[in-house]
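Sequence order for the protein chains is Y and A. Its first residue numbered 0, the first sequence is counted upward by one per residue in numbering that gives the first Met the number 0. Its first residue numbered 0, the second sequence is counted upward by one per residue in numbering that gives the first Met the number 0.
Everything labelled a hint here was simulated from the structure, so no lab data went into it. Treat the hints loosely; a few may be bogus.
As the list claims (entries may be wrong) - Straight-line C-alpha distance at most 20 Å; calculated EDC-like pairs for lysine to aspartate or glutamate:
1. A/LYS48 x A/ASP34
2. Y/LYS194 x Y/ASP85
3. Y/LYS150 x A/ASP70
4. A/LYS291 x A/GLU233
5. A/LYS48 x A/GLU24
6. A/LYS150 x Y/ASP85
There are 2 protein chains.
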Amino acid sequence: MTMDTVFVELGARRYPIYIGQNLIENALNYLGPLDGQQIAVVTNPTVNKLYGERLRSALDGFAVDWFEMEDGEAHKNFQTYSQLMDFLMAARHNRTTCVLALGGGVVGDMAGFAAATFQRGVKFVQIPTTLLAQVDSSVGGKTAVNHPAGKNMIGAFYQPQSVLISTDVLQTLPAREYAAGLAEVVKYGMIEDPKLFDYMVEHVDAIKNQNADVLRHVIQRSCEIKAAVVAADEREGGVRAILNFGHTFGHAIENVTGYGTLLHGEAVAVGMLMATRFSQRLGRAPQNVFPKLRELLEAFGLPTRLPSGVTSAELLDAMGMDKKTVDGQIRFVLGREIGQVDLVSDYAFDALASTLDEFAGPTS
Amino acid sequence: MTMDTVFVELGARRYPIYIGQNLIENALNYLGPLDGQQIAVVTNPTVNKLYGERLRSALDGFAVDWFEMEDGEAHKNFQTYSQLMDFLMAARHNRTTCVLALGGGVVGDMAGFAAATFQRGVKFVQIPTTLLAQVDSSVGGKTAVNHPAGKNMIGAFYQPQSVLISTDVLQTLPAREYAAGLAEVVKYGMIEDPKLFDYMVEHVDAIKNQNADVLRHVIQRSCEIKAAVVAADEREGGVRAILNFGHTFGHAIENVTGYGTLLHGEAVAVGMLMATRFSQRLGRAPQNVFPKLRELLEAFGLPTRLPSGVTSAELLDAMGMDKKTVDGQIRFVLGREIGQVDLVSDYAFDALASTLDEFAGPTS
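Chain Y with its partners taken away, still in its complex shape (with noise of 0.2 Å):
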């Protein structure tokens, strides 16, 4: 079996994330040393009816209790979180327990908080199953649950012990939210690694046919690029916002139109065009950037622009900013070529403004 093993280097914290085939049927080889011999399994009932089984044979031998959580962005809340540390509690685990997320962002950011507050913190394990938590989420220590009052509100940075990264599982995926995991490998090589970038471009249809060796070698890069980034600056003080590539236009995006409407990473597909359109116009990036990232971004089946009726008011409103505002205040990652981003918080708001007018109606 071919696997690959990208360690985020983290000194004391260093972990492991395996990327193959049929890692949950094996799990218990990846899990790291566990103190004890109790696993509390954080999961929800799509995941849990397509996988669970797999992992409850692979754990024979260690008392395993199952929290199912609702599927959803709006389950991932403190009423949820309340009730997994009550079950943590009637379960009877101790400081020796490991949790075991399997599932998306969401299972993995409700489960990392909970392992990260579960007396003081227990060890953690994740199994992510969908394209975006395998190369995004699962990687870097970011876990956390939503205020009612915003997003990822209450929440710590937590590593876990191992990254389980079984690529078979995303065969299960539905095909938007499996396109929608891409975009983010895009970035990836937007921000850091023209070569990644063109091996894309090279095997599109091997990407969308989930071939497993060129799979495996997306979501290895991908977890390296990450993991590199997230060792250099672990709680996101310097050089970890050049993630967010895509992201100011993107979360500006799923802002104005209504987190669902489009996938996070459908909304990132557009936010990187508008960013490397509004490069390209204060004259940091090259003409031919622009069209060769609209083209992979198609050949995924990505949206290349804004759903109709999104007004430029809108997205600067949606970004904190309005047409008074004459010089920039929030800071910008812009590429310069392909696989070279730089953070810029001076740049001429014309340029931004018509960009959203190239992409939305004019400002009105």
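Fit chain A to the given chain Y structure using the hints.
Relative to chain Y, chain A alone:
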């Protein structure tokens, strides 16, 4: 103004503990670097009435929001935590905010857990106002709230950026609470520092009268000892266990008598005596340790016997043991002489039973 500074050596998270007089009115000098202008003070009505105004004027120029939680351990719960999070969100605090704990251990635990988990961690400063919090709970990064099924079951290890110990605030502390705090100071002498023990013996009256220099010295040594232990074992894997000297018996006593009958420090005082007698029965500690310890505890007005009615059987049960336990299963911290302890899990059950019988009624 004479001031001592003890550093807790935790690498990048190294932080100072300042010990002196009138530090509250000069708080601005000791907060450490603040990124933003927002501060959230967590306190309770009693402390707020006594010291709120001093801190309020010290923080002139900052946008300070005050969160008053009810007095007492019973309110260190999930509900108060949730209210505190709502409060921080409603007052629009962000990642650059600083949470400042003004109060005893309950306030410190609550504020610390909030700081650890608000937006994945914000700055945190402790101003402990009880002797117990000054020498124990404010040092070491333990933060937590209680779960209905157990104390401190939800929490995090999270270090403050500084601790301000203003010894003058102890003048308003009830005498019984002050004495209970001294029990923990005696503990530091017992586990690590015969000189500190002798110093306390020689300065009983000055300590009772809260002589500023003497008080500063014993607090400084206590913090130094705890800081060194914490630096060697932040997350309680090993040596940090020695801080539990007197606590295995102490917790059992609190458990049997009901929390609130004895103050924690009072239970620890009796627990240290029981541990010393147990050690003596095992032939580990010389006979002269017990009377020396008892004399010092008595001088501070601390209890040296169990409340009447407590039985050996109840204590054993509270420690999770019973008469059928032939050999030791739980680990005790036992003294060899004043200033030296070991972790002991191999001992004759008879010696434990005799110790319990000596302090309580016979095992029935």
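Tested hints:
Simply put, A/LYS48 and A/ASP34 have alpha-carbon atoms about 29 Å apart, too far for the 20 Å limit, and the pair is violated. With a C-alpha separation of about 48 Å, the suggested pair Y/LYS194 and Y/ASP85 falls outside the 20 Å cut-off, and the hint is violated. Of the supplied pair hints, the one linking Y/LYS150 and A/ASP70 is violated, its CA atoms being roughly 31 Å apart against a limit of 20 Å. At most 20 Å may separate the alpha-carbon atoms for a hinted pair to count; A/LYS291 and A/GLU233 exceed this at roughly 32 Å.
Restraint check for A/LYS48 and A/GLU24: satisfied, since their Cα atoms lie roughly 15 Å apart, inside the 20 Å limit. Restraint check for A/LYS150 and Y/ASP85: satisfied, since their Cα atoms lie roughly 13 Å apart, inside the 20 Å limit.
Of the numbered hints stated above, those contradicted by the structure are hints 1, 2, 3, 4, listed in ascending order.
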